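Colleague: Sequences listed follow chains S and W, in order. First residue of the first sequence: 4, per the numbering used here; consecutive thereafter. First residue of the second sequence: 49, per the numbering used here; consecutive thereafter.
For the record, the hints were derived by calculation from the structure and aren't laboratory data. The model shown is predicted, which means the values in this text are computed figures rather than measured ones. Just so you know, even glycine gets a beta-carbon here, dropped at the ideal spot from N, CA and C. There may be inaccurate statements among the hints.
No farther apart than 20 Å at their CA atoms in a straight line, the calculated lysine to any residue pairs in the SDA-like style are these [what the hints assert, rightly or not]: (1) S/20 x S/31; (2) S/119 x W/145; (3) S/119 x W/114; (4) S/20 x S/123; (5) S/119 x W/135; (6) S/20 x S/185; (7) S/20 x S/230; (8) S/119 x W/130; (9) S/119 x W/98; (10) S/119 x W/117; (11) S/119 x W/134; (12) S/119 x W/136.
Pair ranges (Cβ atoms, derived) [claimed, not checked]: (13) W/106 x S/21: 44 to 54 Å; (14) S/199 x W/142: 19 to 29 Å; (15) W/173 x S/64: 20 to 30 Å; (16) S/134 x W/169: 26 to 36 Å; (17) W/180 x S/225: 51 to 61 Å; (18) W/205 x S/183: 53 to 63 Å; (19) S/183 x W/192: 32 to 42 Å.
The chain contents come next:
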Amino acid sequence: MSRDVAVLGVGMHPWGKWGRHFTRYGVAAARAALADAGLDWRDVGLVVGADTVRGGYPGHVAGAAFAQALGWQGARVAGVYAACASGAQALDTARAHILAGLVDTALVVGADAAPKGFFAPAGGDRPDDPDWLRFRVLGATNPAYFGLYARRRMALHGDTPEDFARVKVKNAAAGAANPLARLRTPVTAAEVAASPVVADPLRLLDVCATSDGGAAVVLSGLDFAGAARRRTRCGSARSPPSPRSTRARCPTSRTSPPTPPSPPRPRSPPPDSGRPSSAPRTRRPASAPRTWTWTWTWRRCTTCRRRWSWTGTRTWACARRAGR
Amino acid sequence: MGRGGWRRDTVAETRGGGLVHAGPGGQRRLRLLGTRCRGCGAVFFPREDHACRNPACDGAEGDLEEVPLSPRGRVWSYTDARYRPPAPYVCDPSRPWEPYVLVAVELTAERMIVLGQAAPGTGVADLAVGMEVELVPGVLHEDAEHTWTTWNWPPVAGGR
Numbered sequence: 004m005s006r007d008v009a010v011l012g013v014g015m016h017p018w019g020k021w022g023r024h025f026t027r028y029g030v031a032a033a034r035a036a037l038a039d040a041g042l043d044w045r046d047v048g049l050v051v052g053a054d055t056v057r058g059g060y061p062g063h064v065a066g067a068a069f070a071q072a073l074g075w076q077g078a079r080v081a082g083v084y085a086a087c088a089s090g091a092q093a094l095d096t097a098r099a100h101i102l103a104g105l106v107d108t109a110l111v112v113g114a115d116a117a118p119k120g121f122f123a124p125a126g127g128d129r130p131d132d133p134d135w136l137r138f139r140v141l142g143a144t145n146p147a148y149f150g151l152y153a154r155r156r157m158a159l160h161g162d163t164p165e166d167f168a169r170v171k172v173k174n175a176a177a178g179a180a181n182p183l184a185r186l187r188t189p190v191t192a193a194e195v196a197a198s199p200v201v202a203d204p205l206r207l208l209d210v211c212a213t214s215d216g217g218a219a220v221v222l223s224g225l226d227f228a229g230a231a232r233r234r235t236r237c238g239s240a241r242s243p244p245s246p247r248s249t250r251a252r253c254p255t256s257r258t259s260p261p262t263p264p265s266p267p268r269p270r271s272p273p274p275d276s277g278r279p280s281s282a283p284r285t286r287r288p289a290s291a292p293r294t295w296t297w298t299w300t301w302r303r304c305t306t307c308r309r310r311w312s313w314t315g316t317r318t319w320a321c322a323r324r325a326g327r
Numbered sequence: 049m050g051r052g053g054w055r056r057d058t059v060a061e062t063r064g065g066g067l068v069h070a071g072p073g074g075q076r077r078l079r080l081l082g083t084r085c086r087g088c089g090a091v092f093f094p095r096e097d098h099a100c101r102n103p104a105c106d107g108a109e110g111d112l113e114e115v116p117l118s119p120r121g122r123v124w125s126y127t128d129a130r131y132r133p134p135a136p137y138v139c140d141p142s143r144p145w146e147p148y149v150l151v152a153v154e155l156t157a158e159r160m161i162v163l164g165q166a167a168p169g170t171g172v173a174d175l176a177v178g179m180e181v182e183l184v185p186g187v188l189h190e191d192a193e194h195t196w197t198t199w200n201w202p203p204v205a206g207g208r
């Protein structure tokens, strides 16, 4: 039995410092993902929510918060909290439901409303909690731990601050190309080196910024995805066609290259090459029969940019040139 | 928080001495107090009093005894805090922030790494991975009524 699930759609709320409740970001991302999938919210069987706000009710029972914000429609609800791994754990939970056959479709939503500055524990005294003690007794913030690992790498493997700066330069270049990213300005290694130290040897530009935003994914089983694809292609989709649904109607709608088809044989000789009729024809030697040659290449659909199709280019050449 | 540091509040009722350990010959020197499982010998710091967390151990619940940790170790890594940490870190918010160095020390016998602040005035340039350090008492913060104590890991004098 396959352990794969299909990604029907994705959506994201821009990242920044907006100061709103985390459900605002999650709802925006969820609606974008549902539109991308061409799926109605009422057809979703499970919603899994992830939110990393600590303390109180961890994650604000994120799954139920998103289900309420999108509108109660009877879907199963699950919430996960795993700090920075919440999104991955939410995907895992949705995938397990689908593979278990409990639901056909799942909406996975993760959103954060991050505080300014260092992440800090919730109020109150918790001397039995090592994650509280490290702030109380040591002032060990999250960047401090990464500073310890960075210094250890420098001592053991010869890493340098210039090596670390290259990560930021690469990340900033990716952000500059993403209209939804928070930080969209390219950064040079010199700018990283000039930024103030936060936790030696890590500087301000080496450290992740804490941001507000949200992302969502629509997952389904492979059978449901195949049926959805066929419905979209023939135009008889259950839900009203979304702006993206037209892009699904590309020639093959495949998402991975299959084995190539057999090249068709031509029924008639190729047309004349266009030589002027007054030019003498050169006689083709009998030992060089004509033959068709098909060259097949994968091409990504230019509309949806996701699905692939075979494109054949037909040429004729003498058998000797064709290698036969 | 009461008189003394947090460790006194959590340990004083049982030991009365908090971090202070009576060594051989009646000497009193500072030692970090962890717990060790009587079944498998695994050591925990901060202390674990309920049940051994070694998955291979089949010891009974509560079969953990208090044990002082090694007073010396080697620097596993270090960093510093150039910006004021958030609450609940104990400090005076009205005074300008003075960075301190945070050290991760590897204890050989216990095969564990313990964090701690370096002695006041130590900079990252004064430390190196592999340097031998020893445990000494320190003060986290002091005001008119309370003193919050902690431990520091200065380099061993004359050592490397």
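Colleague: Return holds or violated for the Cβ distance of residue 205 of chain W and residue 183 of chain S against the range 53 to 63 Å.
Modeller: At roughly 56 Å between Cβ atoms, residue 183 of chain S and residue 205 of chain W fall inside 53 to 63 Å, so the hint holds.
Colleague: Evaluate the given range 51 to 61 Å for the C-beta pair formed by residue 180 of chain W and residue 225 of chain S.
Modeller: About 59 Å separates the Cβ atoms of residue 180 of chain W and residue 225 of chain S, which means 51 to 61 Å holds.
Colleague: Take a quick look at whether residue 20 of chain S and residue 185 of chain S sit within 20 Å of each other, Cα to Cα.
Modeller: Holds, at about 8 Å.
Colleague: For the pair we were handed, residue 20 of chain S and residue 31 of chain S, check the Cα-Cα distance against 20 Å.
Modeller: holds, 16 Å
Colleague: Holds or violated: residue 119 of chain S with residue 130 of chain W, Cα cutoff 20 Å?
Modeller: Judged against 20 Å, a Cα distance of about 17 Å means the pair holds.
Colleague: Using the Cβ atoms, figure out if residue 106 of chain W sits within 44 to 54 Å of residue 21 of chain S.
Modeller: Given a distance of about 52 Å, which is inside 44 to 54 Å, the answer is holds.
Colleague: Are residue 20 of chain S and residue 230 of chain S close enough, with their CA atoms no more than 20 Å apart?
Modeller: violated, 40 Å
Colleague: Given the hint that residue 119 of chain S pairs with residue 114 of chain W, test it: the Cα-Cα distance must not exceed 20 Å.
Modeller: Since the Cα atoms of residue 119 of chain S and residue 114 of chain W sit roughly 40 Å apart, the hinted pair is violated (cutoff 20 Å).
Colleague: Sort out whether residue 145 of chain W lies within 20 Å of residue 119 of chain S, counting only the CA atoms.
Modeller: holds, 18 Å
Colleague: Holds or violated: are the alpha carbons of residue 119 of chain S and residue 98 of chain W at most 20 Å from each other?
Modeller: At roughly 37 Å apart (the allowed maximum being 20 Å), residue 98 of chain W and residue 119 of chain S break the hint.
Colleague: Below or equal to 20 Å on CA atoms is what counts here, so check residue 119 of chain S against residue 134 of chain W.
Modeller: holds, 11 Å
Colleague: Just to be careful, I want the Cα atoms of residue 20 of chain S and residue 123 of chain S compared with a cutoff of 20 Å; is the pair within it?
Modeller: holds, 17 Å
The structure shown violates the earlier hints numbered 3, 7, 9, 10, 15, 19.
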